[in-house]
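Chemist: Chain residues, written in single-letter form:
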Amino acid sequence: MDNPALVLAAILVLAAGTFALRVAGPLMRSRFELSDRVQQLLSTAAVVLLAALVATAALTAGHTHAGIARPVGVLVGGVLAWRRAPFVLVVVAAAATAAGLRLLGVP
Amino acid sequence: MRSTWRTLDPGLARDIALVCLADGVVGLSYGAISVGGGLDLWVPIAMSLLVFAGASQFLFVGIVAAGGSPIAATVAGLLVNSRHVAFGLAVSDVIGHGWRRALGSHVMTDENVAFALGQDELRHRRAAYWVCGIGIFVCWNAGVVVGALAGSVITDTDAFGLDAAFPAVLLALVLPSLKDKATRTAALAGSVVALAVTPFLPAGLPVLLALVGLLFYRPARTLEPA
Chain A
969 MDNPALVLAA ILVLAAGTFA LRVAGPLMRS RFELSDRVQQ LLSTAAVVLL AALVATAALT
1029 AGHTHAGIAR PVGVLVGGVL AWRRAPFVLV VVAAAATAAG LRLLGVP
Chain B
27 MRSTWRTLDP GLARDIALVC LADGVVGLSY GAISVGGGLD LWVPIAMSLL VFAGASQFLF
87 VGIVAAGGSP IAATVAGLLV NSRHVAFGLA VSDVIGHGWR RALGSHVMTD ENVAFALGQD
147 ELRHRRAAYW VCGIGIFVCW NAGVVVGALA GSVITDTDAF GLDAAFPAVL LALVLPSLKD
207 KATRTAALAG SVVALAVTPF LPAGLPVLLA LVGLLFYRPA RTLEPA
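Protein sequences, first through last, are from chains A and B.
For the first sequence, my numbering gives the first residue as 969, with consecutive numbering after it.
For the second sequence, my numbering gives the first residue as 27, with consecutive numbering after it.
Don't take every hint at face value.
What the hints assert, rightly or not - Ranges of calculated distance between the beta carbons of each label pair, as one might list FRET restraints:
1. B/TRP68 / A/ASP1004: 15 to 25 Å
2. B/GLY94 / A/LEU1002: 14 to 24 Å
3. A/PHE1000 / B/LEU175: 29 to 39 Å
4. A/ALA984 / B/HIS123: 16 to 26 Å
5. B/GLY124 / A/LEU1057: 38 to 48 Å
6. B/ASP66 / A/ALA1053: 41 to 51 Å
7. B/GLY93 / A/ALA1029: 32 to 42 Å
8. B/ASP146 / A/LEU1002: 26 to 36 Å
Claimed, not checked - Derived SDA-like pairs: lysine to any residue, alpha-carbon spacing no greater than 20 Å straight-line:
9. B/LYS207 / A/GLN1007
10. B/LYS205 / A/PRO972
11. B/LYS205 / A/LEU1072
12. B/LYS207 / B/TRP125
13. B/LYS205 / A/PHE1000
14. B/LYS205 / A/ARG999
15. B/LYS207 / B/VAL223
16. B/LYS207 / A/ARG1051
17. B/LYS205 / A/LEU1043
18. B/LYS207 / B/LEU237
19. B/LYS205 / A/ALA992
20. B/LYS205 / A/GLY1046
21. B/LYS205 / B/HIS132
22. B/LYS205 / A/GLN1008
23. B/LYS205 / B/LEU241
24. B/LYS205 / A/LEU974
25. B/LYS205 / A/ARG1005
26. B/LYS207 / A/PRO1054
27. B/LYS205 / A/ALA973
28. B/LYS205 / A/GLY1073
29. B/LYS205 / B/ALA246
30. B/LYS205 / A/LEU995
31. B/LYS205 / A/ALA984
32. B/LYS205 / A/ALA1053
33. B/LYS205 / A/GLY1068
34. B/LYS205 / B/VAL164
35. B/LYS205 / A/ALA977
36. B/LYS207 / A/GLN1008
37. B/LYS205 / A/HIS1033
38. B/LYS207 / B/GLY177
39. B/LYS205 / A/GLN1007
40. B/LYS207 / B/LEU241
Just so you know, the hints here were simulated from the structure itself, not pulled from any lab data.
Bear in mind the structure is a predicted one, so any value in this text is a computation, not a measurement.
We put the CB at the ideal spot given by N, CA and C, even for glycine.
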């Protein structure tokens, strides 16, 4: 790291920008009264983003695929969640499956 | 805030605690990776307090530690964090006004938004959002400080399968919303779009493009004309 001042400036810009992105939603919503339909659409938008986050985080790493252990772990967790298993079990089973597969040499 | 604690059901509190703990472990690895990559101690600590957004922090440190431009790292980080605009629109009613708006926005994460969306009543949504947000903030920052000081204790959280635990956490939290057919169709279409463009686009953009899935959103009970 050869230029601490530049790094600090970059961090401050990222911090301010990230805060602006986070507060933009609540600020916009306080200006307008929204119909139930639009509110429903906004909730759905958040669910769509979270689902896409799940898909990309489970299946991809950078610009390529994430191997086998991670998607299988997420799948095991997903099936348990679908079968209404306790949340703790879902999380631990997903992690243990991926870790176990890697221990066996599965990428 | 005292009433917020009382509102929280013990089972939900335990689930939130587990997520906070897991985030703390990822924080450990973030601190260790940053310092191990040659960055000064203050960099991961300042970022975790001020930026407080894991994915963008890992990306930033990855780019800067590899000798990339801090400006490029900032742009990449902002792109990854742009999804928070949509989250903020969805959860503004649980955040509130005045100082609550500033603090509540700063502790916005994928996890506490997902927890909040999973609750039916407003007071439960509010409790889940705030307790999870503040809990993750504390655990994440504590983890980062310890990890940065300890150096190379845990740099590879993949060995513990934590990389699989996080998508599983979010999946478990959005699953109830996906029972609705229209939402499920939109989420599936969006996920396919995100996956299809991931090989070609910079981090953050694929997830944002998933909003295209909303074109397939046809809620069942539309009484008034569009």
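Chemist: Now tell me if each hint is right for this structure.
Modeler: Now the hints, each set against the structure:
1. Between B/TRP68 and A/ASP1004 the Cβ separation comes to about 47 Å, which falls outside the hinted range of 15 to 25 Å.
2. The beta-carbon spacing between B/GLY94 and A/LEU1002, approximately 41 Å, falls outside the hinted interval of 14 to 24 Å.
3. As the Cβ distance of A/PHE1000 to B/LEU175 is approximately 47 Å, the hint placing it in 29 to 39 Å is violated.
4. Between A/ALA984 and B/HIS123 the CB atoms are about 21 Å apart, so this pair conforms to the stated range of 16 to 26 Å.
5. Against the hinted window of 38 to 48 Å, the Cβ-Cβ separation of B/GLY124 and A/LEU1057 comes to about 40 Å, which satisfies the hint.
6. Checked against the hint of 41 to 51 Å, the pair B/ASP66 and A/ALA1053 passes, with Cβ atoms roughly 44 Å apart.
7. Range check, B/GLY93 to A/ALA1029: about 21 Å between beta-carbon atoms, so the 32 to 42 Å window is missed.
8. Checked against the hint of 26 to 36 Å, the C-beta distance between B/ASP146 and A/LEU1002 comes to roughly 19 Å, which is inconsistent with it.
9. Distance restraint check for B/LYS207 and A/GLN1007: the Cα-Cα separation of roughly 18 Å lies within the 20 Å cut-off, and the hinted pair is therefore satisfied.
10. Only pairs whose Cα atoms come within 20 Å are accepted, and B/LYS205 paired with A/PRO972 is rejected, the gap being roughly 49 Å.
11. Simply put, B/LYS205 and A/LEU1072 have alpha-carbon atoms about 36 Å apart, too far for the 20 Å limit, and the pair is violated.
12. Between B/LYS207 and B/TRP125 the alpha-carbon distance is near 38 Å, which puts this suggested pair outside the 20 Å criterion.
13. For the hint pairing B/LYS205 with A/PHE1000, the CA-to-CA distance comes to about 30 Å; that exceeds 20 Å, so the pair is violated.
14. Taken as a hint, the B/LYS205 and A/ARG999 pair is broken in the structure, with Cα atoms around 32 Å apart against an allowance of 20 Å.
15. Only pairs whose Cα atoms come within 20 Å are accepted, and B/LYS207 paired with B/VAL223 is rejected, the gap being roughly 25 Å.
16. For the hint linking B/LYS207 to A/ARG1051, the alpha-carbon distance of about 18 Å falls within 20 Å, and the restraint holds.
17. The hinted pair formed by B/LYS205 and A/LEU1043 meets the criterion: a straight-line CA distance of about 18 Å does not exceed 20 Å.
18. Of the pairs offered as hints, the one joining B/LYS207 and B/LEU237 holds, with about 17 Å between alpha carbons and a cut-off of 20 Å not exceeded.
19. A threshold of 20 Å between alpha carbons decides the hint, and for B/LYS205 with A/ALA992 the separation of about 29 Å lies outside it, so the pair is violated.
20. As the CA atoms of B/LYS205 and A/GLY1046 are separated by approximately 14 Å, the hinted pair is consistent with the 20 Å bound.
21. For the given pair, B/LYS205 sits about 30 Å from B/HIS132 by alpha-carbon distance, which is inconsistent with the 20 Å threshold.
22. For the hint linking B/LYS205 to A/GLN1008, the alpha-carbon distance of about 15 Å falls within 20 Å, and the restraint holds.
23. Restraint check for B/LYS205 and B/LEU241: satisfied, since their Cα atoms lie roughly 18 Å apart, inside the 20 Å limit.
24. At roughly 48 Å between alpha-carbon atoms, B/LYS205 and A/LEU974 are farther apart than 20 Å, so this suggested pair is violated.
25. Only pairs whose Cα atoms come within 20 Å are accepted, and B/LYS205 paired with A/ARG1005 is accepted, the gap being roughly 18 Å.
26. Between B/LYS207 and A/PRO1054 the CA atoms are separated by roughly 24 Å; this puts the pair beyond 20 Å, and the hint is violated.
27. With a C-alpha separation of about 50 Å, the suggested pairing of B/LYS205 with A/ALA973 is violated against the 20 Å cut-off.
28. Our distance criterion of 20 Å between C-alpha atoms is broken by B/LYS205 and A/GLY1073, whose separation comes to about 36 Å.
29. A threshold of 20 Å between alpha carbons decides the hint, and for B/LYS205 with B/ALA246 the separation of about 13 Å falls inside it, so the pair holds.
30. Of the pairs offered as hints, the one joining B/LYS205 and A/LEU995 is violated, with about 30 Å between alpha carbons and a cut-off of 20 Å exceeded.
31. The suggested pairing of B/LYS205 with A/ALA984 is violated, with an alpha-carbon distance near 37 Å, which exceeds 20 Å.
32. Only pairs whose Cα atoms come within 20 Å are accepted, and B/LYS205 paired with A/ALA1053 is accepted, the gap being roughly 16 Å.
33. A hinted pair counts as satisfied when its Cα atoms are at most 20 Å apart, and B/LYS205 with A/GLY1068 does not qualify at roughly 31 Å.
34. Restraint check: the Cα-Cα separation between B/LYS205 and B/VAL164 comes to about 33 Å, which exceeds 20 Å; the hinted pair is violated.
35. Restraint check: the Cα-Cα separation between B/LYS205 and A/ALA977 comes to about 45 Å, which exceeds 20 Å; the hinted pair is violated.
36. For a cut-off of 20 Å, the pair hint linking B/LYS207 to A/GLN1008 stands: about 14 Å separates their Cα positions.
37. At most 20 Å may separate the alpha-carbon atoms for a hinted pair to count; B/LYS205 and A/HIS1033 exceed this at roughly 28 Å.
38. Restraint check for B/LYS207 and B/GLY177: the C-alpha separation of about 47 Å exceeds 20 Å, so the hint is violated.
39. Between the alpha carbons of B/LYS205 and A/GLN1007 the distance comes to roughly 18 Å, so the proposed pair stays at or under 20 Å and holds.
40. Distance hint between B/LYS207 and B/LEU241 is fulfilled; the C-alpha atoms sit about 14 Å from each other, no more than 20 Å.
Going down the numbered hints, you'll see the structure goes against 1, 2, 3, 7, 8, 10, 11, 12, 13, 14, 15, 19, 21, 24, 26, 27, 28, 30, 31, 33, 34, 35, 37 and 38, while the others check out.
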